[in-house]
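Participant: Following the numbering used here, the numbering of the sequence shown begins with 10 at its first residue and continues without gaps.
Hints in this document: simulated from the structure, not taken from any laboratory.
Treat the hints with caution; some may be incorrect.
Just the calculated beta-carbon pair ranges, DEER-fashion [to be verified]:
#1 279 with 148: 28 to 36 angstroms
#2 160 with 348: 49 to 57 angstroms
#3 207 with 267: 43 to 51 angstroms
#4 43 with 211: 46 to 54 angstroms
#5 271 with 36: 34 to 42 angstroms
#6 120 with 202: 38 to 46 angstroms
#7 202 with 278: 19 to 27 angstroms
#8 103 with 70: 24 to 32 angstroms
#9 16 with 213: 51 to 59 angstroms
Yeah, the Cβ is synthetic: ideal placement off N, Cα and C, and Gly gets one too.
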Amino acid sequence: MASENLNAPTPPVGVIESLTQGFETVAGHLPLLLLPVLLDLFLWAGPRISFQPAAEAMANAYIATWEPFAESSPSDLQEMWEQQTEILLEVVENMPAQYLPIPGIPSLLSGREAKGLPFDYTPPLWLVETAAGFIGIKLLLLLIGLILGSLYIILIAQQVRENRPEVRDLIRRLPVLTFQIGLFALLTPLLLIALLLPFLLISGMLAFLNGFLATATQWVGAMFILWVGVFTVFTLHGLLLNDRSLLGALWDSVRVVQWNMPATIFLFLLVLVLDTALTRYVWSLPEADSWLVLPGIAGRAFIATGLITATFVFYKDRYRYWKEMREELLAELLRRRAQQNRNQ
Numbered sequence: 010m011a012s013e014n015l016n017a018p019t020p021p022v023g024v025i026e027s028l029t030q031g032f033e034t035v036a037g038h039l040p041l042l043l044l045p046v047l048l049d050l051f052l053w054a055g056p057r058i059s060f061q062p063a064a065e066a067m068a069n070a071y072i073a074t075w076e077p078f079a080e081s082s083p084s085d086l087q088e089m090w091e092q093q094t095e096i097l098l099e100v101v102e103n104m105p106a107q108y109l110p111i112p113g114i115p116s117l118l119s120g121r122e123a124k125g126l127p128f129d130y131t132p133p134l135w136l137v138e139t140a141a142g143f144i145g146i147k148l149l150l151l152l153i154g155l156i157l158g159s160l161y162i163i164l165i166a167q168q169v170r171e172n173r174p175e176v177r178d179l180i181r182r183l184p185v186l187t188f189q190i191g192l193f194a195l196l197t198p199l200l201l202i203a204l205l206l207p208f209l210l211i212s213g214m215l216a217f218l219n220g221f222l223a224t225a226t227q228w229v230g231a232m233f234i235l236w237v238g239v240f241t242v243f244t245l246h247g248l249l250l251n252d253r254s255l256l257g258a259l260w261d262s263v264r265v266v267q268w269n270m271p272a273t274i275f276l277f278l279l280v281l282v283l284d285t286a287l288t289r290y291v292w293s294l295p296e297a298d299s300w301l302v303l304p305g306i307a308g309r310a311f312i313a314t315g316l317i318t319a320t321f322v323f324y325k326d327r328y329r330y331w332k333e334m335r336e337e338l339l340a341e342l343l344r345r346r347a348q349q350n351r352n353q
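When you get a sec, could you build the whole thing from the sequences and use the hints?
Facilitator: And the structure:
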């Protein structure tokens, strides 16, 4: 029979095998850890930044703007306004100095409260005093995080795809890929929020009728958003491994997840559980004023990079299997049609 001629491609790697290959890849190419390790070392011993003066100025401006309206309001609203004002001022007053929060690269110290150092050195403290400075520094840190994060993930993708980073190719592709990664990071939350809005509107209307139905609608919306989000998880993988456009990579992600939904969910659940558990209960145990934070920095960088690499290994082989299976099924369909034509 024609179906007996179907040559199934080599089965894809499993979830555990993907994790194993991911960690083996990182263990054999330790330079992949340079960016997260250097970032954490900079955050550990580098300058601190305090947004307290800017936050205090913005809080005072907010109070000065709305206080006249609150004073002319009923007594219960005035009392509520006073409570909110006290909470706001207390939060601003207790705002600690922070490390420079640079997103985009797995980091143990990013965003944590600054501590002293185990050696005789006091890092400089930068004070941000204006709202413009607050917004400007936040945007600058986002841009730096986007560039460094793009460089980091491109290096991982090149290692998985070609078994070695190509510096010339990296320099050539970095600006375009950084723009595409930033565009994806911006548009994806906006799309998910747009999809969630109908559920929020329906929930708001149901709140006047039945609180349970309103809550149930919110849960349905959250599950729908999670379900849609799962289909986008391999977009960057297709963009970097297959040189696809952003839309093409998104479409490939949808097709790969569609064929491998249980394995994809299992993989990302394992990644989330391992990374969260080790970061919270192992790497974060030493305080930043201890030398023991250095093994934590190295361990966090290795585990996070290994887990990210594992997702690239998984996607690369699942995409290969899907493509080969699709080609084989199309070839089998053509053979069957040819056989039917000959029988006629």
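Participant: Please go over all the hints and tell whether each is borne out by the structure.
Facilitator: Now the hints, each set against the structure:
no.	hint	verdict
1	279 with 148: 28 to 36 angstroms	35 angstroms, holds
2	160 with 348: 49 to 57 angstroms	53 angstroms, holds
3	207 with 267: 43 to 51 angstroms	24 angstroms, violated
4	43 with 211: 46 to 54 angstroms	49 angstroms, holds
5	271 with 36: 34 to 42 angstroms	28 angstroms, violated
6	120 with 202: 38 to 46 angstroms	23 angstroms, violated
7	202 with 278: 19 to 27 angstroms	24 angstroms, holds
8	103 with 70: 24 to 32 angstroms	20 angstroms, violated
9	16 with 213: 51 to 59 angstroms	56 angstroms, holds
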